[in-house]
Structure formats: structure tokens, C-alpha cells
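Engineer: Based on these hints, arrange chain S on the given structure of chain V.
Chains as they are written, first to last, in the working numbering: chain V, 1 to 266; chain S, 267 to 532.
Watch out, some of these pointers could steer you wrong.
[Unchecked claim] The following label-pair restraints were derived from C-beta to C-beta distances:
#1 V:ASN230 with S:LYS519: 39 to 45 Å
#2 V:THR77 with S:ARG308: 21 to 27 Å
#3 V:ASN120 with S:SER391: 25 to 31 Å
#4 S:ILE478 with V:GLN33: 45 to 51 Å
#5 V:THR215 with S:GLN482: 44 to 50 Å
#6 S:VAL315 with V:SER88: 51 to 57 Å
#7 S:GLU314 with V:ASN230: 55 to 61 Å
#8 V:GLN33 with S:LYS500: 54 to 60 Å
#9 S:VAL431 with V:ASN120: 23 to 29 Å
#10 S:ASP530 with V:GLN101: 56 to 62 Å
#11 S:VAL431 with V:THR215: 47 to 53 Å
[As the list claims (entries may be wrong)] Not the full set, but computed from the structure, chain V residues with beta-carbon under 10 Å of chain S:
#12 LYS119
#13 LYS151
#14 GLY203
#15 GLN223
#16 TYR226
Think of the hints as simulated: they come from the structure by calculation, not from any bench.
Heads up, the beta-carbon is just placed ideally off N, CA and C, and yes, glycines get one too.
2 protein chains.
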Amino acid sequence: MSLLNKKSVCVITGASRGIGEGLAIQFAKCIAQDSVLILLARSVPDLEVVQTKVLALPECKKSNVKVIIKRFDQGSTNKEDFESLFSSIFKENNIFVSEFQQGIMIHNAGTLDETKFCKNLHYISKTGQFFQINLTGMITLNAIFLQEFSKLSKVVVNMSSLAAVMPIKSWGLYCTVKSGRDMFFKILAIEDPSIRVLNYAPGPVKTDMMNIVQTQSEDTEIQETYQKLNKEEKLLTAEMTCSKFMEILELNKFESGVHIDYYDEY
Amino acid sequence: MSLLNKKSVCVITGASRGIGEGLAIQFAKCIAQDSVLILLARSVPDLEVVQTKVLALPECKKSNVKVIIKRFDQGSTNKEDFESLFSSIFKENNIFVSEFQQGIMIHNAGTLDETKFCKNLHYISKTGQFFQINLTGMITLNAIFLQEFSKLSKVVVNMSSLAAVMPIKSWGLYCTVKSGRDMFFKILAIEDPSIRVLNYAPGPVKTDMMNIVQTQSEDTEIQETYQKLNKEEKLLTAEMTCSKFMEILELNKFESGVHIDYYDEY
Numbered sequence: 001m002s003l004l005n006k007k008s009v010c011v012i013t014g015a016s017r018g019i020g021e022g023l024a025i026q027f028a029k030c031i032a033q034d035s036v037l038i039l040l041a042r043s044v045p046d047l048e049v050v051q052t053k054v055l056a057l058p059e060c061k062k063s064n065v066k067v068i069i070k071r072f073d074q075g076s077t078n079k080e081d082f083e084s085l086f087s088s089i090f091k092e093n094n095i096f097v098s099e100f101q102q103g104i105m106i107h108n109a110g111t112l113d114e115t116k117f118c119k120n121l122h123y124i125s126k127t128g129q130f131f132q133i134n135l136t137g138m139i140t141l142n143a144i145f146l147q148e149f150s151k152l153s154k155v156v157v158n159m160s161s162l163a164a165v166m167p168i169k170s171w172g173l174y175c176t177v178k179s180g181r182d183m184f185f186k187i188l189a190i191e192d193p194s195i196r197v198l199n200y201a202p203g204p205v206k207t208d209m210m211n212i213v214q215t216q217s218e219d220t221e222i223q224e225t226y227q228k229l230n231k232e233e234k235l236l237t238a239e240m241t242c243s244k245f246m247e248i249l250e251l252n253k254f255e256s257g258v259h260i261d262y263y264d265e266y
Numbered sequence: 267m268s269l270l271n272k273k274s275v276c277v278i279t280g281a282s283r284g285i286g287e288g289l290a291i292q293f294a295k296c297i298a299q300d301s302v303l304i305l306l307a308r309s310v311p312d313l314e315v316v317q318t319k320v321l322a323l324p325e326c327k328k329s330n331v332k333v334i335i336k337r338f339d340q341g342s343t344n345k346e347d348f349e350s351l352f353s354s355i356f357k358e359n360n361i362f363v364s365e366f367q368q369g370i371m372i373h374n375a376g377t378l379d380e381t382k383f384c385k386n387l388h389y390i391s392k393t394g395q396f397f398q399i400n401l402t403g404m405i406t407l408n409a410i411f412l413q414e415f416s417k418l419s420k421v422v423v424n425m426s427s428l429a430a431v432m433p434i435k436s437w438g439l440y441c442t443v444k445s446g447r448d449m450f451f452k453i454l455a456i457e458d459p460s461i462r463v464l465n466y467a468p469g470p471v472k473t474d475m476m477n478i479v480q481t482q483s484e485d486t487e488i489q490e491t492y493q494k495l496n497k498e499e500k501l502l503t504a505e506m507t508c509s510k511f512m513e514i515l516e517l518n519k520f521e522s523g524v525h526i527d528y529y530d531e532y
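Next up, chain V with everything else stripped away, as it sits in the complex (with noise of 0.2 Å):
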């Protein structure tokens, strides 16, 4: 049965541009009646650029899906802004959790950061930072969500990527970030089978990050391979990506826990 169907709070990180946009937008053409979309981002301004084009959706206004915008550094050290995160959303928008059927996570917000071979990763802050946007603040405000959503049916997305399976030259730090990410989450699968959980490679997409990888990777093949794909014009775009996302999540016939790339059969 499909995963959409149900009447949900659906939280999306990193919503503020690219593939969390994209999302923003399936999710608001796709999820059932009276759902609730949540998107986190550090900036406001763009957060409400993207509310505004979800909101002016016919299938938005058809289906009555409310889009609330909230503030949150997942880089954040202060424990309050986890702990507090849901409640607050909650009250300022008089949610009641129990209204609602399901809840999804969606946890797109990452960094790409230093695109450094190992032997210049001495930056001691820079990685102190980079794992705690990756993985501290992903682990705890996904063990939040699950604590806040605890009487819900739950659906948990890890955004991953090649890189959780593949080694990548100069991708040090990314690489270990996704492989750790998707491991975190197979777990999570077995602790708990009530939840779907679901580890989603989404392709190379057309984003910001994707400018980094092809200007920045030290290792210059990578940016060859990466500016060679976006000449030919075999980059994705968010929609493309996003679009199969949803067929997943329709379909449901995922193996929980499981890694799916775009370009796999599901």
C-alpha cells in the first residue's frame, strides 16, 4: 500500500533549494488530504520563495496540504534547538500530532564541504563541523523526531548518494559521511520494523552542490567526469530524481532499510 496515502506530517531538511525543494513540491502534489509539509532551512528568505511556489500548486490548494517554513541549523551545537524543534512548530501552528496518521522525515540537508584528498584533510574545525552537520545533527533531530512522532505510523528517508558505495577520490569526508549515514540507518530498520525506512541515492542532480563538485574536487578527474556529464546534458534535475522518489514511496515494496539508487530496478 502506498506510502502516501495516509493524512501526514511530512518534515523536509535542507528544503530551502535543490533536491529539498524538489521534494517540497512532490510531496505537496502527492501526499493525501489535509497533510502538513514542514521544511527546515538555515535561510528564511529562500525557505519562503519556495513555500510561496508550493503553496500556489493546484494540486496544493486542491488537497488543502498546509506548508509551514521554519528556521533550523542542523549544524547547530545547542541542544535546546533539537529538543525544542517540534513542539514549538507545533504550538506556533496549533498542530495536534494526533490528528494525523503518519509521519515522514525526509533527511535531505547535507554538506559537500572539503572535496580534499586525505592527506589535506588536517583541518581540524572544518571536520569537527562537516560531521557534526552530516551526522550529529542528522542522528539527533532524526532521534527527535522519532521521540515526537513516537504514536504515529513513521516513514524515515536518508538522502544518500553513489558516494555511500562507492570511494571517491577527494571525496573523503563525503564518502565517510553517506556510508556511515546509510549503515545508521539499516540499523534504525531492524531496531524498529514498524518503520519504512528507506536510503534514497538520488542520482547526479543539477545543484549547487554539483557546481562544487565540478570547481572544486581535488581530485580533477572527478570534476572532468562531472563537468563531461553536465555538457551532455546527463545531469538530472531535481523534478526527475524527486518524481521517481515518489513512484518508490507509491509503490512501497522496498525492503526496509534497503539502499536504492535512481538508476536502479524497485
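Structural biologist: Chain S only, in chain V's frame:
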């Protein structure tokens, strides 16, 4: 050709106990004449005990292996602690790297920490500290090692775990780290084929960490599994796994970057 025949500087982190101590003993027995062991850990008194034990070995006396101990906290956030580590050791001990043929870095230091279910990992500062020690500090130390030993041939070993390849309930953080580290060293291997890189999973070894596993893992089945191994005397000793590890270095037939478990054929 064996990796143990060259006159080496061999650095072992977490060398004050458990597998780290076992490695110090084995290297002192097997490494080439006039090599130097640098043993790092947080506790100097514990390091002194290991140093005394190692220096008392007849093989160590015979091969004139020097054993240096140095306090080092891999969880430090102070970049100076990392950047000055090797240069201060070299200076204090009148060592000139150019007089050696090989540098060996054994990333053995590590913590198990919060053995909780994913839903209970909401302690942001504890989680952050865990990644600081096990990822950030290790990656930074590794970069400093590669730079300081740039002119020698190099061997880099990650003390891995079954947890790097198998999701284990209530070990969310540990598995995330171990999986990420394996990936990191696979990348090092492809970035620099001149470095011999190994991810070695030592099997279930009777250490302080194994006591935590048996008493604190939030999943009681996991506790019981390891209690049973302990009761049936199926846990390995540090000596057993370290001997096997030395055989792998001696044989030196592994593909660089590969994950080898104690129980694997190699």
C-alpha cells in the same frame, strides 16, 4: 614482500591497553632491527606499564627496537595537539625520519560510547564528542602522519570491526563510525596506490570494550550474544588477533583498502 622487514617508525594509537597493547607487543617482536614504536594514548601511567612490558621482551632487546610513549587525546579539538605531535616526538627523542625506510600508522584508538537505540540518541554533545574522537581526530591525525612521513613508504591500518559491515542493534553510533572509517580508508587506497592500506576487523576480543558490550548495549539480545561467547570462552585474546594481523602484514598479499576480518581467509 613482508611489510615487517623495513626499518620503520610505527605509530599505534590507543596503545595503553587491549588490542593496542597487543599490537605494541607484536610489533616489538616482529618489526625490523632498529625500528621505533611510538605508542599514543590518553593515560601516561598506563602507557608506561605497556612500555616496560614491551622493553622487557627478549626480541625487543635483540632487535634494538626503541619504544616511545606520548600522551595524545584523539578527541582534542585543539589543532596544535595534532600539528605538533610528530615533530615534538622527533625532537624530544632525537629522531630523524629520513633515517627510516617506512612509516606505519595503526589507527587503533576508538570508543564504543553510547550503545543506545537510534531513537534514544538525542544527546547532541555526547554524539558530537563520539564523532570527534572516532572520526575527526582520526582523520586529522592521519593527514598529519601522511604529511610528516611523506618521503617514506607507508602502511596505514584502520582497526575496523564486524560493525563496519553488519548493522547491529543499539550500536548505531559505533556502526556508523566503523562503516564510515572503512570507506575513508578505501578512498585513501585509491588516492595513493603507493600506500598499503588495510581495514582489519579483529573479531570479538576480550577487552574493556567487550565488557561494555555485554553490560550496557541497549539491545539485550546483543548483550546475551556476547555474554554467551564469553561464557563459552569463544572471545579471542588480544594476542590471538594481533598474531593473525602480523601474519597478514608479513604475507602482504591483501588488496590495498580491503576489509579483512580475523575469521576471513587472506
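Engineer: Now, for every hint given, state plainly whether the structure supports it.
Structural biologist: Now the hints, each set against the structure:
For V:ASN230 and S:LYS519, the Cβ-Cβ distance of about 41 Å falls inside the hinted range of 39 to 45 Å, so the restraint holds. A hinted range of 21 to 27 Å holds for the C-beta pair V:THR77 and S:ARG308, which are about 23 Å apart. Distance hint for V:ASN120 and S:SER391: a CB-CB separation of about 29 Å, consistent with the stated range 25 to 31 Å. Here the CB-CB span from S:ILE478 to V:GLN33 is close to 49 Å, well matched to the stated 45 to 51 Å.
Look at V:THR215 against S:GLN482: about 46 Å separates their beta carbons, and that is inside 44 to 50 Å. The beta-carbon spacing between S:VAL315 and V:SER88, approximately 52 Å, falls within the hinted interval of 51 to 57 Å. Between S:GLU314 and V:ASN230 the beta carbons are some 58 Å apart, a value that agrees with the proposed interval 55 to 61 Å. For the pair V:GLN33 and S:LYS500, the supplied restraint of 54 to 60 Å holds, since their beta-carbon distance comes to about 56 Å.
Range check, S:VAL431 to V:ASN120: about 28 Å between beta-carbon atoms, so the 23 to 29 Å window is met. Hint check: S:ASP530 to V:GLN101, Cβ distance near 47 Å, so the stated range 56 to 62 Å is violated. For S:VAL431 and V:THR215, the hinted distance range of 47 to 53 Å is not satisfied, since their beta carbons lie about 34 Å from each other. Interface hint at V:LYS119: satisfied, since its Cβ lies 4 Å from the closest Cβ of chain S, which is below the 10 Å cut-off.
Because the smallest distance between the Cβ of V:LYS151 and any Cβ of chain S comes to about 13 Å, over 10 Å, the interface hint for this residue is violated. Using the Cβ-Cβ criterion of 10 Å, the hint placing V:GLY203 at the interface with chain S is not satisfied: the shortest such distance is roughly 19 Å. A hinted interface residue such as V:GLN223 counts as satisfied when its beta carbon comes closer than 10 Å to some beta carbon of chain S; here the least separation is about 15 Å, so the hint is violated. The closest approach between the C-beta of V:TYR226 and any C-beta of chain S is roughly 17 Å, which is over the 10 Å cut-off, so the hint fails.
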